[in-house]
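**Student:** Letter by letter, the chains look like this.
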Amino acid sequence: MPEALVSIENLEAFYGDAQALHGVSLELNRGEVLALIGSNGAGKSTLLKSICGLVRRKRGTIRFKSEGIGMLPANEIVARGIALVPEGRRLFPSLSVEENLILGSQVARPGYWSLKTVFDLFPVLQEKRNFPSTSLSGGQQQMVAIGRALMSNPELILLDELSLGLAPIIIKDIYELLPRIVGSGLSAILVEQDVTRALKSAGRFMCLQEGRISLAGEPTAYTRDEISAAYFGN
Amino acid sequence: MEWVNAVVQGILVGGLYAMFAAGLSLIFGVMRLVNIAHGDFIVAAAYLAMVIIQGTGLHPLLSLLIVVPVAAVFGYGLQRGIFNRTLGKDILPPLLVSFGLSVILQNGMLELFTADSRKLDAGPLEVASFNVLPGVSIGILPLLMLLSAVAIIAGLQYLFYRTALGRAFRATSDDTEIAEIMGLDNRKVYAWAMALCMGVVAVAGVFLAIRSNFDPFMGPGRLIFGFESVIIGGLGNLWGTLVGGVILGVAQGLGAEINPGWQLLAGHIAFLVVLAVKPHGLFPRNDG
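Residue numbers (the working numbering), protein chains in the order written: chain A, 1 to 234; chain B, 1001 to 1288.
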């Protein structure tokens, strides 16, 4: 059996005294897309932030390519091949579109993604490369956020609420590009409020409820009611 | 013509104030650190230059070749060893630590160099000047200070907007968390910023020591001039800082022309007027 790309065991994460994750475990294989669903405050974003090192107070094991990365700072985790597209995009306002993208290649990992391939994926960004990132529309900003993450040539990309605040047509466009992004040899964990879209985009899903796994498996293995019960709780 | 001369001299001294302010502006811009000890570091750089000159016989301006790198290395270490430990969401710890450093520096310098006023001797350069109008002359040294300030600010501006390090400074200033997941080590970015700041502080310290007497307790006064220049020009705007320094210098010059006792007061009034009319300064940075 091939070794899992990511292996998490009994992860507990805290914000101050509040515990956000309670013994979460998961495995993700190479080339796999995992959808992480759950209501607000279920711990989805906390799980992503724990993987990429932004949540420091945690217990349990996080392994990436068999190496324990749970205690590493965020800047060393990205160098190992994990990139985050954060919720709300969080572009650098004082940097231009191109500078935002270049900053993504700070760790300079070799691979397919470069300014050229990102511009091929999102041609509109090439036209606006010298614009301030804040002058772009929400959809274009999301493209910059995705491109910025790809520029580090990650092996695992964490996508946090891609559709947040975007028009449906833009969301559709971005999700249509997802197979192309993952097809470049990436694995992905996708956090999404739009459950239908998330389940359609992923081979496997995991539902969180109050920091605990309430359901996990292949989307086709469960009925809509079962997933709904795991999402909202009974 | 006396008034014209006061304005010209004010513009020239504004260069020195801009040098006091550039480091403050840089550090606040990158890491939101208000360094209360900034003025004391300027004075410490002046004493360092004095010691080097006494030991080597170098001209004060040539001593910059040693003082600047030493100050920059010191700044890097200061940030890694002390300030990085205090930075976080609360701005109070670094403020208090810099206040403590100010007290330590002042008393350390008093212990080492006594309270006697000192001055660096730059020889004939100090009195060299040329006339531009009848009754209006420009001193070579003040002109050199202003040109140095312009060069420093142009250099910082280039570094900020045209280099990878500048990009890292701006990104870290925008969002430390996201900068970190892009692979930047914020602690190192801050240390480079402090090294750069201390390099500028060293130049300011040497010019200060050539221009006037200095003693261990004149740091807080230089800090105030620096603060006022930064606020007048607009936070985070380096060219604005130069303009702020010049406005402060001109206000002081005009105040002194009215009454010598009004020199400092006029500068503070100009600062208050700008603060009242434009609380974000004349040219605040606008990144959207």
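Because the hints were derived from the structure by calculation, they are not lab data. Hints may contain errors.
[Said to hold, decoys possible] Below, a list of computed lysine-lysine pairs in the BS3-like style, where the Cα atoms sit at most 27 angstroms apart: (1) A/Lys116 - A/Lys172; (2) B/Lys1278 - A/Lys58; (3) A/Lys172 - A/Lys200; (4) A/Lys58 - B/Lys1119; (5) A/Lys116 - A/Lys128; (6) B/Lys1089 - B/Lys1188.
**Student:** None of the hints should be skipped; say for each whether it holds.
**Tutor:** Here's how the hints hold up against the structure:
1. Note on A/Lys116 and A/Lys172: the hinted pairing holds, with a Cα-Cα distance of about 23 angstroms set against a maximum of 27 angstroms.
2. Annotation: proposed proximity of B/Lys1278 to A/Lys58 is violated, straight-line Cα distance about 46 angstroms (limit 27 angstroms).
3. Taken as a hint, the A/Lys172 and A/Lys200 pair is honoured in the structure, with Cα atoms around 12 angstroms apart against an allowance of 27 angstroms.
4. Restraint check for A/Lys58 and B/Lys1119: not satisfied, since their Cα atoms lie roughly 57 angstroms apart, outside the 27 angstroms limit.
5. Taking the CA atoms of A/Lys116 and A/Lys128, the gap is near 14 angstroms; set against the 27 angstroms cutoff, the hint holds.
6. A distance of roughly 18 angstroms separates the Cα atoms of B/Lys1089 and B/Lys1188; the hinted pair therefore holds under the 27 angstroms criterion.
Of the numbered hints given earlier, the model fails hints 2, 4; all others are met.
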